[in-house]
Amino acid sequence: MQEKIDIVKLGGVEEGKPKKPRPKLPRKEIACQDPKERIKNFNEVALGYTPEEAVYEAMRCLECQRPRCVVACPVHIDIPTFVGLIARGKFAEAAKDIRKYNSLPAVCGRVCPQENLCEAACILNDTNPGNPIAIGRLERFSADYLLSKENGSAEAPKITHKTPYKVAIIGSGPSGLTCAAKLAQMGHTVHLFEALHKAGGVMMYGIPEFRLPKEIVQKEINYVKSLGVKVETNCIVGKTIPMDEIMNEYDAVYIGSGAGFPNMMKIPGENLGGIYSANEFLTRVNLMRAYDFPKTATPIRKPKRGVVVGAGFTAFDVVRIMLRLGAEHAEIVYRRTRKEMPGRGEEIEHSEEEGAIIRELTNPVRFIGDENGFVKAVEVQKMELGEPDSSGRRKPIPVPNSNFIIETDLVVIAIGQTPNVLIPSNLKGLSTRWGSVINVNRETYMTTVPKVFAGGDAITGAATVILAIRAATEASRAIDTFLRDPQRKWYPPEVSEKK
Amino acid sequence: MEITKSFEAFLNTKQEENLEKEFASALNFVNSAEFDKSMTLQNLYEALLSFKEVKDFQTKCGFFLSAFFSRECGNQTLALKDDCQIDFLGSFLASGELKIIGDAGDFAGSFLSGGKVFIEGSVKDNCGYFMKGGKIVVKGDASNHLGHFMNGGEITVEKNIYDFAGNCMIGGRIECKGSAGYSLGYRMSGGVIEIKDLAWDLIGEEMAGGKITVRGHIGKELCQNMSGGIVTVREEYKDTPKGKTFGGKIIYSNFKG
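Protein chains in written order, with this note's numbering: chain U, 1 to 499; chain C, 500 to 756.
Any given hint could turn out to be false.
As the list claims (entries may be wrong) - List of simulated lysine to aspartate or glutamate pairs, EDC-like, C-alpha gap at most 20 Å: (1) U:K489 - C:E516; (2) C:K623 - C:E674; (3) C:K737 - U:E340; (4) U:K96 - C:D582; (5) U:K100 - C:D581; (6) C:K743 - U:E387; (7) C:K719 - U:E232; (8) U:K158 - C:D581.
Hint data in this document are derived by calculation from the structure and do not stem from the laboratory.
Since the model is a prediction, treat every value here as computed from it, not as a measurement.
Start from the sequences and build out the full structure, keeping to the hints where you can.
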């Protein structure tokens, strides 16, 4: 039974009574573990709002008539409605409302870059810059409340109409799970295939426990399973099951295999021991819990002085893990400046609080090994910024005769990922660009192979969880339309013959 | 044949290969039906709701109601019930005025060539799809692909519009009093879009012609792969990163006068 909430005591507004917004109040900061304490453990850093704090923050929302936050949200969550429900003490209902648009609210509340999306568009920024409604934190609060009170899966909507169509989904990351949940709600039979032994994709192997607890991810996966989705782990499509079998057995196939293939520097010494790709390093720590070795089966090199190359989300996750593994000195080496860093502001701030050093305008040119073949130092070169390049960021230019050495015993390369080539190489006729990024029709998410759709990082290269969810949501609608179309019309992407 | 029986027969027909043929089929069923001359669109809608559990009801019902209204014309009001989304409301209209109270489903006012569709609530995807003339007024929000392939007429949205508004638009006018989502005017080659508040990332993406004006804040990657047309945004966003352009014009204005 749902617990009774005394909303007046919490500072909110009773059901049926008009709300008097308090936009001039300062934004409520979220409680975090102390930096000195948290670098000794892998527990979640941000502790979340209490009900009082959530109601306080929700009461700041103006509930605009024409909410800008909704258009800026890639999946167009009805933000004023769910914030209004929190202000009225209806925490579980708020999460259920979010789930209409986003099947993974507890995940997005933690890892979505809200400061560049919904919160950037909030109207409160106009009068008081930097003080928007903490939408992400409220999303997290309501989703956690629902998961803790009702175990999440109990809230799964009943599916009344069942269609005769079967859909295979390859990959169980945010994109695959979202597409599976949406299609299951539409009444289709959905089978989800995951190569690893645990479902969740990048949420399980890529994002560390202190930023996204695996228990939360598991609860979200349980919710998707409760909709009737069958999840098959340890199954590599193209190896364990031939692609032809999938194509024959299912009415439609959705590829949401993500971007799990690391980019490397291609500089001398990269094959030395003690140099990891970010994917390998994170998989060892997050999925295989190498930080607990020898209690767990997977080891990891524990550094004294660690270096991370790159400054995206992954790089900041890696540097913070290094500190938790006991590194006395861990630094980020980045060829541009802080302004151009793709990492989230909050992550950069947390990393520095924990003792990470950020070395700007520096780029590795070679790795130096010891007599045993392990890395002992990195030779780096100073950079300066030129004109903006195609990504809109200023292009780094090397400064001649500026090389110097950084001593290290562990290097992690975190300069981006691309999709794995396994599926494109096993599916005849599938058009790709840059080797493995799948070409799709931007409106229908159809690939060049009939009845095969794709979405998420597999079609864009490494991006954010919310963009993967958006692609999956739109693709699920396109798949449903395709399945119900008696003629099964196919609109492939326009692919240049020269490519 | 009684009109509900006629609808039941239409509901059991196989979906036609294109939307025009489906509408023609619906019109045939309406023409062959017998009904009281005093029957209004509202009466018919309420009678048809008894079939709402049947597969494809939301599409077939929309076509049937649109066919009935096209035949009867005049000015009519339709109050929708919340629990059942109806697609294709006010489609293929050539004259008359239809007022819809409540939230319309997908393809509201599609293939409109004249008349007026007034929607008191919000609309889902593809409102004004292949519209050639007439007017659509939406009091609430409009979801993705508003005015998809629109060739004429006018759409006014009082609140926000979501992604891909004016997608592949050739002519006509879209006016939004709130904000617009991603990829506004994607692959647009003609017509006018005016947004009173902000528009998010990828304004004028792959745009080849026409005119877009955004009076509020703008997102990233303005005019990515643009080859023609004019995009007008506020002067203060001159430094916002632009996408790669091959033609067309970006005007920075202070919107005075």
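Going down the list of hints, with the structure as the test:
1. For a cut-off of 20 Å, the pair hint linking U:K489 to C:E516 stands: about 9 Å separates their Cα positions.
2. For the hint linking C:K623 to C:E674, the alpha-carbon distance of about 17 Å falls within 20 Å, and the restraint holds.
3. For the hint linking C:K737 to U:E340, the alpha-carbon distance of about 18 Å falls within 20 Å, and the restraint holds.
4. This hinted pair checks out: U:K96 and C:D582 have alpha carbons roughly 17 Å apart, not beyond 20 Å.
5. Among the hinted pairs, U:K100 with C:D581 is consistent with the structure: their alpha-carbon atoms are about 16 Å apart, no more than 20 Å.
6. A C-alpha spacing of about 14 Å is found between C:K743 and U:E387, which places the hinted pair at or below 20 Å, so the restraint holds.
7. With a C-alpha separation of about 39 Å, the suggested pairing of C:K719 with U:E232 is violated against the 20 Å cut-off.
8. Note on U:K158 and C:D581: the hinted pairing holds, with a Cα-Cα distance of about 18 Å set against a maximum of 20 Å.
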